[in-house]
Amino acid sequence: MSAKTNVTKFLSEYAVVIIFVVLTLASIAPSGLSIPYIIQEVITRLGRNSFLVIALLLPIYAGMGLNFAMTLGAMAGQIGLIFAVDWGVAGWQGLVFALLVGLPIAVLLGWVTGSVMNKAKGREMVTGYILAFFINGIYQFFVLYLMGSLIPMRNPAIVLSRGYGVRNTLNLESVRQSLDTLFMLRIGPFAIPVVTFIVIFLLCLFIVWFRKTKLGQDMRAVGQDMAVAGAAGIDVERTRIVAIIISTVLACGGQIIFLQNMGNLATYNAHDQTGFFAVAALLVGGASVTHANIPNVFIGVILLHAMFIVSPLAGQKLFGSAMIGEYFRQFIGYGVIALSLVLYAWKSRRAAEDQRSQLRQGSATGGAK
Amino acid sequence: MQWRLPVNNIKTFIQDFGWPRIIIFLFLVSLFILAPVVGVRLDASISDVMNRFGQYAILVLALVPMIQSGAGLNFGLALGIVAGLLGSTLSLQLELRSFLGFFGAIGLATPFAVLFGYFYGKLLNKVKGEEMTIAMYVGFSFVMLMCIMWLILPYNNPTMVWGYAGKGLRTTITVEGYWLKILNNFLAIKIGEFFVFPTGLLLFVALCAFLMWVFLKTKTGTAMTAVGSNPDFARASGISADRMRLISVVISTFLGAVGIIVYQQSFGFIQLYTAPNPMVFPAVAAILIGGASINKANIINVIVGTFLFQGLLTMTPSVINSILQTDMSEVIRMIVSNGMILYALTRKTKVSK
Amino acid sequence: MKRIMIRSALGLVYVALLVLMLVTGKRHTILIDNKADPNGAYGAINGMSVQIDKLESAEYYPGDRDKAVVKGQRHHIKIELFDDEKVIERDFRLPLNQDMVLLSVPKLVAGIEPYIEPFTVQLEQAGMDQTANQSQEHQQFGTDAEGLPLDMGNPAQTGMEQNQ
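Protein chains in written order, with the numbering used here: chain B, 1 to 369; chain W, 370 to 722; chain E, 723 to 886.
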């Protein structure tokens, strides 16, 4: 292979990472933000978002692609938080309470998602994407009409003045930053939410351990080839559903962690962007639709959010309008996901074509796919 | 499909048509029956449904070429819609009115549609197999890029730009005074106060459907279909799959542009910025409900699907709102439209008429 | 059989955890009151400093009322009377389902039981409840004064939030 092919290969492997690093570095100066501020923001966002991104790993492992339906888990977590606020449970106990309340909901929703995806094999990603909107409709119905009427709310302060339905902004002051501040380590100008990171670390350990269990190995087999796995005696349908259930439950916990850091809940749209941001982060970190690992998670979160921290202000200064800066940021965001998907698809087609042409030339290949 | 009474034939008809569609159809009929009972005007409803059918039909039609050529569901329809937006905004900028304005919009949109379609088609050819998700995100990011464009392009027609700075287009621009309802009102039949039969609109839709039908029967059309349903045979016959796919994408993008212009003249407004995004999924849902599969679609699918989907989407909120005496339309719309898409996605990909 | 046992055990653990969180985490607002009894059974205290648990102590004069927000059921109150330098300490429990209670210090000092009684918030007193305050700021929102969401979203109705 010539040097030129090597360079092109390197570029296409890391194109997305390179683009992000370049864009972020270029935007730091025009944004006017100081480096310590940016670093602190990245630390905060790592704590806030990583859990959600890790939730995406298992479905990819099981060959189901990017789980856009993780939003359902986020909705479950939000319902849990609404009840925690309603009952007045504060501090970290409030968070655990919210998690416990959201858990059965998340399991149920995960089961629904998995079953629906099993009926749409090969189209899981689009199906998950639409399912998120469908269940969102049900969530809106539940929170806007049922809560406060059919489902009694104790605290009249969180109910709309018409008597039923939850207010559209919920102050989470009772549980605000309760996980983060359990042990906040201060090094120089930086504040690091230690317990949050410990929780994330434990989750990573869980994922690593899970992969080694029988269920984990089953998922991997299903992910590589459903027919072969089925022939080997694995219950393919059930394994896939379990993968999605775990993913949804993790999303539930992740959203609770996210919201406790934010401090308030936009009841009706907090979960809208959850799936998008998690997927974007994972892809930016180098994952693909079929392969993702833990380093992808953290690299992705750092890169994506660093860029999202600096680019709005940079865009505003460069283009002279905050709106344009904001659109530019979204353009880059979606564009990068598209780019990652394109590069990945292009790569796998090239690999398949290379193989085919090698076979045609009659050279002895290993035969492994 | 046979209409004779023998039970066998009814059974085959049901199998062909598909239980799901029959259920949706019966549900729709029951809503129509229920409507006057709960105080919803039947003539207004029927008029509404026909209007919405005509509004969306061409957007749904736009999906046919790409499905036939095997390029999948065109989630990148947003590109065609943007081309149409460029056409209609230019038409307004040039103060074109009436039929000149409408057809002028289409004419102005065409070069953009062809251009976008060409590059988009080239991209899709490089990523065979993963078209759908990529199309979605290419569509989203392009719409975002256009958001920036709408702000900085030098339009200056006062009805289109923001009042203050005089620069940058408004989010919603009315076409009143230019070509509002130009098709709808052409030869329209008005019965009573609430019922308007949008003759022109439906004629135009019929014309486009007819042209598509004719096209699919031409040499290029059949070659396109061959590529989608039997790629090996197509390759053996010397047909270039890439070329056919590219043509299908360009046609699809063009029809997307036409579709949105037809929609705008009926709806009354040009919607810019992020508006193209939510127009794509209803079109996909409609054609799937109509019985199309990922690689086979025909005109009947378009007509039946659009009618069922839009009918349900129109009737369900109005009837339920009357029954419950609250305005739940947004929530209902979300549940119904996405539910239908989901339903269509989970069906086995069987070819049905 | 074993599966049922494990499942019911897990279920019990779940419920137990839920209750535990509720009991240890539930917030209560204690309204500390220094008003005299309208019937004359006891008088207000002329001046004192009151401390609940480890919170900041506050000074109270006749007619004063202040509040303390606490978590959990069991609490401790320490009263220092200015007049005769007496210090009274007491442990007390709050009922679980009462969000807000009124603790009358004069009653406590006079030895009249019970000195804690439930207190229900009238919504006009919006100043009492923080959440009500906060939410009222966000009342005017979009098309509906109720605060119903602006755009309930369609597929792909996206717009990244600034605070993400």
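Source of the hints: derived by calculation from the structure; they are not laboratory data.
From the three backbone atoms N, C-alpha and C, an ideal C-beta is built for every residue, glycine too.
Hints are not guaranteed to be accurate.
Unchecked claim - Counterexamples of contact, computed for chain B against chain W with all Cβ distances above 12 angstroms:
(1) Y14
(2) F206
(3) L313
As the list claims (entries may be wrong) - Computed footprint of chain W on chain B, listed as stretches where at least three residues anywhere in the stretch have a Cβ under 8 angstroms from a Cβ of chain W:
(4) 108 to 120
(5) 126 to 137
Said to hold, decoys possible - With a straight-line cut-off of 27 angstroms between C-alpha atoms, the simulated DSSO-like cross-links for lysine-lysine are:
(6) W:K491 x B:K4
(7) W:K536 x B:K121
(8) E:K789 x E:K808
(9) W:K495 x B:K347
(10) E:K724 x E:K757
(11) B:K121 x B:K347
(12) W:K536 x B:K317
(13) E:K829 x E:K776
(14) W:K495 x B:K121
(15) W:K497 x B:K119
(16) B:K4 x W:K495
(17) B:K9 x W:K497
(18) B:K121 x W:K665
(19) E:K800 x B:K212
(20) B:K347 x W:K586
(21) B:K9 x W:K491
(22) E:K757 x E:K776
(23) W:K665 x W:K586
(24) E:K789 x E:K800
(25) W:K497 x B:K4
(26) B:K214 x B:K119
(27) B:K214 x E:K724
(28) W:K665 x B:K119
(29) W:K497 x B:K347
(30) B:K9 x W:K495
(31) E:K724 x E:K776
(32) E:K789 x E:K776
*asked:* When the structure is checked against the list of hints, which entries are broken? Sort them ascending.
replied: 7, 10, 19, 20, 31
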